[in-house]
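**Q** Modelling step: build the complete structure from the supplied sequences, incorporating the hints.
So you can see what is in the structure, the chains are spelled out below.
Number of protein chains: 2
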Amino acid sequence: MIAEKMKNMVANSSAIRAMFEEGNRLAKIYGAENVFDFSLGNPNVPAPEAVKKAIFELLEEEDPVALHGYTNSNCGYGDVREAVAVSLNERFGTHFEGKNIVMTVGAAGGLNVILKSLINPGDEVIAFAPYFGEYRSYTNNYDGVLVEISPNTEDFQPKLDEFEQKITPKTKVVIVNTPNNPTGVVYSEETIKKLAAVMEGKQKEFGTDIFLISDEPYRELVYDGVQVPYLTKYYANTIVGYSYSKSLSLPGERIGYLVIPDEVTDSEEVLAAANVATRILGFVNAPTLQQKIVAKCMNEKTDISYYDRNREALYQGLRDCGFSCIKPQGAFYLFVKSPVADEKEFCAAAKKYNLLIVPGSSFACPGYVRLAYCVSYETIINSLPKFRELAKEYF
Amino acid sequence: MIAEKMKNMVANSSAIRAMFEEGNRLAKIYGAENVFDFSLGNPNVPAPEAVKKAIFELLEEEDPVALHGYTNSNCGYGDVREAVAVSLNERFGTHFEGKNIVMTVGAAGGLNVILKSLINPGDEVIAFAPYFGEYRSYTNNYDGVLVEISPNTEDFQPKLDEFEQKITPKTKVVIVNTPNNPTGVVYSEETIKKLAAVMEGKQKEFGTDIFLISDEPYRELVYDGVQVPYLTKYYANTIVGYSYSKSLSLPGERIGYLVIPDEVTDSEEVLAAANVATRILGFVNAPTLQQKIVAKCMNEKTDISYYDRNREALYQGLRDCGFSCIKPQGAFYLFVKSPVADEKEFCAAAKKYNLLIVPGSSFACPGYVRLAYCVSYETIINSLPKFRELAKEYF
Numbered sequence: 185m186i187a188e189k190m191k192n193m194v195a196n197s198s199a200i201r202a203m204f205e206e207g208n209r210l211a212k213i214y215g216a217e218n219v220f221d222f223s224l225g226n227p228n229v230p231a232p233e234a235v236k237k238a239i240f241e242l243l244e245e246e247d248p249v250a251l252h253g254y255t256n257s258n259c260g261y262g263d264v265r266e267a268v269a270v271s272l273n274e275r276f277g278t279h280f281e282g283k284n285i286v287m288t289v290g291a292a293g294g295l296n297v298i299l300k301s302l303i304n305p306g307d308e309v310i311a312f313a314p315y316f317g318e319y320r321s322y323t324n325n326y327d328g329v330l331v332e333i334s335p336n337t338e339d340f341q342p343k344l345d346e347f348e349q350k351i352t353p354k355t356k357v358v359i360v361n362t363p364n365n366p367t368g369v370v371y372s373e374e375t376i377k378k379l380a381a382v383m384e385g386k387q388k389e390f391g392t393d394i395f396l397i398s399d400e401p402y403r404e405l406v407y408d409g410v411q412v413p414y415l416t417k418y419y420a421n422t423i424v425g426y427s428y429s430k431s432l433s434l435p436g437e438r439i440g441y442l443v444i445p446d447e448v449t450d451s452e453e454v455l456a457a458a459n460v461a462t463r464i465l466g467f468v469n470a471p472t473l474q475q476k477i478v479a480k481c482m483n484e485k486t487d488i489s490y491y492d493r494n495r496e497a498l499y500q501g502l503r504d505c506g507f508s509c510i511k512p513q514g515a516f517y518l519f520v521k522s523p524v525a526d527e528k529e530f531c532a533a534a535k536k537y538n539l540l541i542v543p544g545s546s547f548a549c550p551g552y553v554r555l556a557y558c559v560s561y562e563t564i565i566n567s568l569p570k571f572r573e574l575a576k577e578y579f
Numbered sequence: 185m186i187a188e189k190m191k192n193m194v195a196n197s198s199a200i201r202a203m204f205e206e207g208n209r210l211a212k213i214y215g216a217e218n219v220f221d222f223s224l225g226n227p228n229v230p231a232p233e234a235v236k237k238a239i240f241e242l243l244e245e246e247d248p249v250a251l252h253g254y255t256n257s258n259c260g261y262g263d264v265r266e267a268v269a270v271s272l273n274e275r276f277g278t279h280f281e282g283k284n285i286v287m288t289v290g291a292a293g294g295l296n297v298i299l300k301s302l303i304n305p306g307d308e309v310i311a312f313a314p315y316f317g318e319y320r321s322y323t324n325n326y327d328g329v330l331v332e333i334s335p336n337t338e339d340f341q342p343k344l345d346e347f348e349q350k351i352t353p354k355t356k357v358v359i360v361n362t363p364n365n366p367t368g369v370v371y372s373e374e375t376i377k378k379l380a381a382v383m384e385g386k387q388k389e390f391g392t393d394i395f396l397i398s399d400e401p402y403r404e405l406v407y408d409g410v411q412v413p414y415l416t417k418y419y420a421n422t423i424v425g426y427s428y429s430k431s432l433s434l435p436g437e438r439i440g441y442l443v444i445p446d447e448v449t450d451s452e453e454v455l456a457a458a459n460v461a462t463r464i465l466g467f468v469n470a471p472t473l474q475q476k477i478v479a480k481c482m483n484e485k486t487d488i489s490y491y492d493r494n495r496e497a498l499y500q501g502l503r504d505c506g507f508s509c510i511k512p513q514g515a516f517y518l519f520v521k522s523p524v525a526d527e528k529e530f531c532a533a534a535k536k537y538n539l540l541i542v543p544g545s546s547f548a549c550p551g552y553v554r555l556a557y558c559v560s561y562e563t564i565i566n567s568l569p570k571f572r573e574l575a576k577e578y579f
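Residue numbers (the working numbering), protein chains in the order written: chain D, 185 to 579; chain R, 185 to 579.
None of these hints come from the bench; they were simulated from the model.
Do not take every clue at face value.
A pair holds if it fits inside one copy or across any two, identical chains being indistinguishable in the list.
Below 27 angstroms or equal to it, Euclidean Cα-Cα: the simulated BS3-like pairs (lysine-lysine) are [said to hold, decoys possible]:
hint: 1; residue 1: Lys480; residue 2: Lys236
hint: 2; residue 1: Lys191; residue 2: Lys283
hint: 3; residue 1: Lys570; residue 2: Lys212
hint: 4; residue 1: Lys237; residue 2: Lys480
hint: 5; residue 1: Lys528; residue 2: Lys191
hint: 6; residue 1: Lys576; residue 2: Lys511
hint: 7; residue 1: Lys191; residue 2: Lys388
hint: 8; residue 1: Lys283; residue 2: Lys212
hint: 9; residue 1: Lys386; residue 2: Lys191
hint: 10; residue 1: Lys521; residue 2: Lys511
hint: 11; residue 1: Lys343; residue 2: Lys378
hint: 12; residue 1: Lys536; residue 2: Lys521
hint: 13; residue 1: Lys343; residue 2: Lys511
hint: 14; residue 1: Lys377; residue 2: Lys350
hint: 15; residue 1: Lys343; residue 2: Lys354
hint: 16; residue 1: Lys377; residue 2: Lys388
**A** As structure tokens, then:
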């Protein structure tokens, strides 16, 4: 009875649901503390105390009709959009105004809004493997065609030669995600400059506009003082998608934004389309209380040291067992080389030790597995003996 | 640069934005208290005090990681879904379980989720004029074809003869909206029974499944003790879309639900598709704090007497001026016959008196205008002399 397009998706989705249910099943048998679930990117650092304070203040100060009402523009409250622009300008030396900001239902909502705004059926969307698997679904929602650049497993920076070859006159969008899910890699400034040059060249060659969408929910989650370049400064047709899911630990609240700079071709038209897309896709507006919360918490930070401790412990622990992976500079994922070619087999073996990890083929990069270390430190420490046992099967 | 599909929508949307901007412009010239904006369905009764109390309790009681985190299922928190099912069963004698409920980003989000789940390109979606204009956009999002049943301007109950003739083997969905936006009419039980019989007959005739989607954000807003039949009891393939936007005055917070009963054909598959659609359309899950709020406020009611007083005052006031309209039994709209055939001309004339009203052609029913009376009582009382002046141009 369901739509044809949905049938495959429902079938594939069951695999993920199956893993989740398997986790619950294992927790019932062995106790939750003996199941090590590295499968989900759900932050376990609580939202900053300032979020709670902001909510109390808003409930006391604001008229509930305005606080919980529709926003005048589908793009969000004017003052909130202005606050986002000011904050970005302060941090990155950009020159945005409130009008360049569209408040969205998280980054996932934002990506859907901008793809709906830009994509005609058959238009190509390029993503660099490994990439967040949902990009395929989002592209498919608007009958776009996802074109994959194969992974560079040396350092997981994008393969720019292959990229240049795969850009065609149908290429409308290129998505980058840095810090990256699933690798934790941050694209270097050198990479970004080269990528921008390739895209500029191809825009000229084909006389087309190619939009760079920077999906950056992990922007704030970086370690060792690494800098994440702000992409609008390197390439004019850049649109940024942001989420507070990770930076303020509000993933369930669905709050983020798009930045559509004036430098984008036909930016007013793109902004108008994003406004309409927000409405007709059923978002209507980003949740209003959450908009006001993030405006009050613009300079709050999550506890990076918590994730960093996890990162060090898990990275070292896995290396000591004999596993290999590059050390991530951002996000809260480790992307580990599977000791056998078929990483799904490895994931199945890990499950015998109550270790739940995600196969790399979910990110278009088979032969690897993703571990989300946004778990408790205890989970990491207690999982290491299990990883050691698992390793003995291979090394 | 924007998608072809969006171009018309952006153009049409500007007309509505223009009205909004016109309202702001007029307010600046004449003062906000001298501009009578009946254009928007934004409730002006504040959320019940219980909402604020619920938020305070939740922030004190709940672990923020759980309160603001992703829900385990994209359909929402298990306990919230269960609470919705229990409440519906108590009120309507239904037999839903938590699994039949999908928490959504308002009714607009829910309608998009279910249409994405069901519709193949070219499938027909039937709506009865006058209808909420967004149905056309939602259908278009999934390449469905909206088929319109012409309005019955006698009493605004649906034209069932025309309906029966327009159902084809391609008909996949029928949307009803009762209490109705823009007329305020409640479809009678007799109407519902006949409508169900027509649909049963056509399902048999064509060997197809035709889903009845009941879009009911206004269910709780009824007057004079009128009963709104619960449609799942009359037709097996019924899916309900609900929103707390009006009943708890939380339109900006984007919280509602779908009911997909076991009686729906392939209900498990439809539920699985709705779960996936919630994720891939970018909603991911309904905002989590709001889910928990509505679970705590399940039996709260908005102040119907406030809207009722407005309804009586505006209805009587307009009738006294010579305008004609049927008295609405629900929602917070009056659908008034334009004294001239071209109701856009009438809307333009009204604007001269700072009266902002919406042309019926936005609801596929030209020759009428919609007035949203979810405004202050003072706005209504102070607008009546203006309507009297306006009326003198015609009667």
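**Q** So, for every hint listed, does it hold in this structure?
**A** Here is what the structure says about each hint:
In the homo-oligomer, the alpha carbons of Lys480 and Lys236 lie at most 27 angstroms apart both inside one protomer (11 angstroms) and across protomers (19 angstroms), since each shortest distance falls under that limit. Taking the closest pair of Cα atoms, Lys191 and Lys283 come within 27 angstroms of each other only across two copies (20 angstroms); inside a single copy the shortest separation is 39 angstroms, beyond that limit. Taking the shortest alpha-carbon separations for Lys570 and Lys212, only the intra-copy value of 19 angstroms comes in at or below 27 angstroms, while the best inter-copy value is 69 angstroms. In the homo-oligomer, the alpha carbons of Lys237 and Lys480 lie at most 27 angstroms apart both inside one protomer (9 angstroms) and across protomers (21 angstroms), since each shortest distance falls under that limit.
For the homomeric pair Lys528 and Lys191, the shortest alpha-carbon distance inside one copy (23 angstroms) is at most 27 angstroms, but the shortest distance between copies (45 angstroms) is not. When the C-alpha separation of Lys576 and Lys511 is checked against a cutoff of 27 angstroms, the pair qualifies only within one copy, where the shortest distance is 22 angstroms, while the shortest distance between copies is 78 angstroms. With identical chains, the CA atoms of Lys191 and Lys388 are at most 27 angstroms apart between copies only, with a shortest distance of 25 angstroms across copies and 40 angstroms within one. Taking the shortest Cα distances, Lys283 and Lys212 sit within 27 angstroms of each other only across copies (21 angstroms), while inside one copy they are farther apart (51 angstroms).
Proximity of Lys386 to Lys191 under the C-alpha cut-off of 27 angstroms is restricted to the inter-copy arrangement: shortest distance 25 angstroms between copies versus 36 angstroms within a copy. When the C-alpha separation of Lys521 and Lys511 is checked against a cutoff of 27 angstroms, the pair qualifies only within one copy, where the shortest distance is 12 angstroms, while the shortest distance between copies is 69 angstroms. Taking the shortest Cα distances, Lys343 and Lys378 sit within 27 angstroms of each other inside one copy (11 angstroms), while across copies they are farther apart (62 angstroms). Taking identical chains as interchangeable, the C-alpha atoms of Lys536 and Lys521 lie at most 27 angstroms apart only when both belong to the same chain, with a minimum of 19 angstroms there against 71 angstroms between chains.
Taking identical chains as interchangeable, the C-alpha atoms of Lys343 and Lys511 lie at most 27 angstroms apart only when both belong to the same chain, with a minimum of 19 angstroms there against 66 angstroms between chains. Taking the shortest alpha-carbon separations for Lys377 and Lys350, only the intra-copy value of 18 angstroms comes in at or below 27 angstroms, while the best inter-copy value is 58 angstroms. In this homomeric assembly, Lys343 and Lys354 come within 27 angstroms of each other (Cα to Cα) only inside a single copy, at 20 angstroms, whereas the closest approach across copies is 46 angstroms. For the homomeric pair Lys377 and Lys388, the shortest alpha-carbon distance inside one copy (17 angstroms) is at most 27 angstroms, but the shortest distance between copies (63 angstroms) is not.
Violated hints for the displayed structure: none, as all numbered hints are satisfied.
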